[in-house]
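Residue numbers (the working numbering), protein chains in the order written: chain A, 8 to 230; chain B, 924 to 1225.
Please keep in mind that the hints were generated in silico from the structure rather than gathered at the bench. A virtual CB, placed ideally from N, CA and C, is assigned to each residue, including glycine. The reader is advised that the hints may include incorrect statements.
Stated by the list, open to error - In silico negatives: residues of chain B with every beta carbon more than 10 Å from chain A:
{"no.": "1", "residue": "Arg927"}
{"no.": "2", "residue": "Leu954"}
{"no.": "3", "residue": "Asp963"}
{"no.": "4", "residue": "Ile1054"}
{"no.": "5", "residue": "Arg1082"}
{"no.": "6", "residue": "Glu1092"}
{"no.": "7", "residue": "Met1095"}
{"no.": "8", "residue": "Asp1110"}
{"no.": "9", "residue": "Pro1112"}
{"no.": "10", "residue": "Val1142"}
{"no.": "11", "residue": "Arg1144"}
Unchecked claim - Think about it this way: if two alpha-carbon atoms lie no more than 25 Å apart in a straight line, the pair counts; the simulated DSS-like pairs of lysine-lysine are:
{"no.": "12", "chain 1": "A", "residue 1": "Lys145", "chain 2": "A", "residue 2": "Lys199"}
{"no.": "13", "chain 1": "B", "residue 1": "Lys953", "chain 2": "A", "residue 2": "Lys190"}
{"no.": "14", "chain 1": "B", "residue 1": "Lys993", "chain 2": "A", "residue 2": "Lys145"}
{"no.": "15", "chain 1": "A", "residue 1": "Lys203", "chain 2": "A", "residue 2": "Lys190"}
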Amino acid sequence: MKTLDPLAGPIAPGVLSKTEQELRAAFLDEIDRIPGGARLNQCIQCGTCTASCPVSHAMDITPRQVIAMFRAGAIGELLESRTIWLCASCYHCTLRCPAQIQITDLIYALKRIAIEEGIFPKRFPVHVMSETFTRNVKRYGRNYEVGLLLRYFLGTKPMGLFARRRAGYALWRHGRIKLRPDKIKDIEQLRKIIAKAETFDLPQEKVTREKVTAAVGYESIGR
Amino acid sequence: MDTRYTYYPGCSLHATGIAYDKSMRAVFKKLGSELAELEDWNCCGATAYMSVQKTVAFAVSARNLALAEKTGDDVVAPCSACYYALKHTREGMAADPELRAQVEEALAAGGLEADLSVEVRHPLEVLLTDIGIPRLVEAQTNSLEQFRPACYYGCQIVRPFGAVDEDPELPMSMENLFTALGARPVDYPPKVRCCGGMLVATMPEVATELSMDLVDWAVAREANCIVTVCPLCQSNLDLINVTTGGNGASHQIPVLYFTQLIGLAIGCTPEEVGMQHALIPSDAHAPPLRGAPLTIAGSREG
Ligand code: SF4
Ligand code: SF4
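Put together the whole structure using the sequences plus the hints.
Put into structure tokens, the structure is as follows:
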């Protein structure tokens, strides 16, 4: 009987070589830092998440595939996908997943990493919205809808502003648009809280694509 | 009545969701409950903030909890996104000691502390459990018989936390409430589906499809209005009527807040519950409703 080299890859279906086991353990360790990440290995690829997702038809990678690719280490592709920006955070996938995987929160985590890494798909400038939102909160303490939309459209697609004029006008005519931002009284207090909280975010969210792919040793997968 | 709540309106209820704000205040006042706006509240962090920075999002949201703890009353958050963000912060801090320590340290930098002693609640749940259907029926002065609402719950009040109903796939609380008040809710299968949320600004094509589908369902089920629990759902569905105008009559259905309907039932005027802010007026385009607000205004009582 032929002896198998334990470092040569899968020994039999479902049985992993020592190296593979170590690599996978390192990888799972890495994703453990993402909320709900520890449960990812429980995914049975049933597709309930995709079937429940209201926007899966418009995604390039379905929620089920997100989990599969995440486990396979194809983080780079996930960060470049439209999917993470299309997710409307409706929690339907999370509610129905038989393995209780926090898919929505995982996608949030991917968004955070993508923003930090500056990876955004063309034509899907959702991050501009998030960043404008953040700026508004730091400046006023509240989210100033008109400023948010104006800045968003001017920053990304001036024609969108034109197309949305009708909607904007209708809202304004019905007294639903505020022309000046609300500013909270103790904005300094909020800024101090944000500044302190920011110091915790930076090191924790450094799950970069290089680091993850290096940990798994799967650089070539899906590239 | 001496029930008191801390009211967290959130950014939308001061602008696009002004009718929700008015109807909330009117209904609670009519029922004798005090709704005290949280002093110097800030943005809840909402979904966009979550995708930028994690601890910051929790800390921003937690400042509100810390402020609310000064009076100790339950926080009532009508916007689904605010409700979720505040609740998520509270539960997240309670479950994760490391996160909690970080958020507490951040709050301390602003001279605040949070011991998570106040609950975060949605007004639908407050009205149904603290007040209850029997008392609402008792307070009723106008029948809602002209209304055939499609009760729309959307996402974040039913999941992941479940504010009101035991069954997150098929909530029935609004149907039960409005049936008790004389309305005839229609069977509305997409009631927990997503309206598109913030995608309306970022990926309008996708959001339009989702909102349109919800409106089409309501029309197909012969509802004469859609009743929502969230300012973003309301404006998304209301705007579909405007932005796709000229697409045919099927997209002209009034979109109301559940608090507006309750308000009308217990004798608030259409003005008091902010009916004037709806893009699609309730007395036009929906034949069974024609004249309804006038009837209600006429039977107003002090
Ligand atoms: S629903 Fe859960 S178990 Fe099924 S494919 Fe999606 S993540 Fe995996
Ligand atoms: S939370 Fe995102 S991925 Fe999950 S069902 Fe909703 S839109 Fe789809």
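Are there hints from earlier that the structure breaks, and if so, what are their numbers? 3, 5, 6, 13
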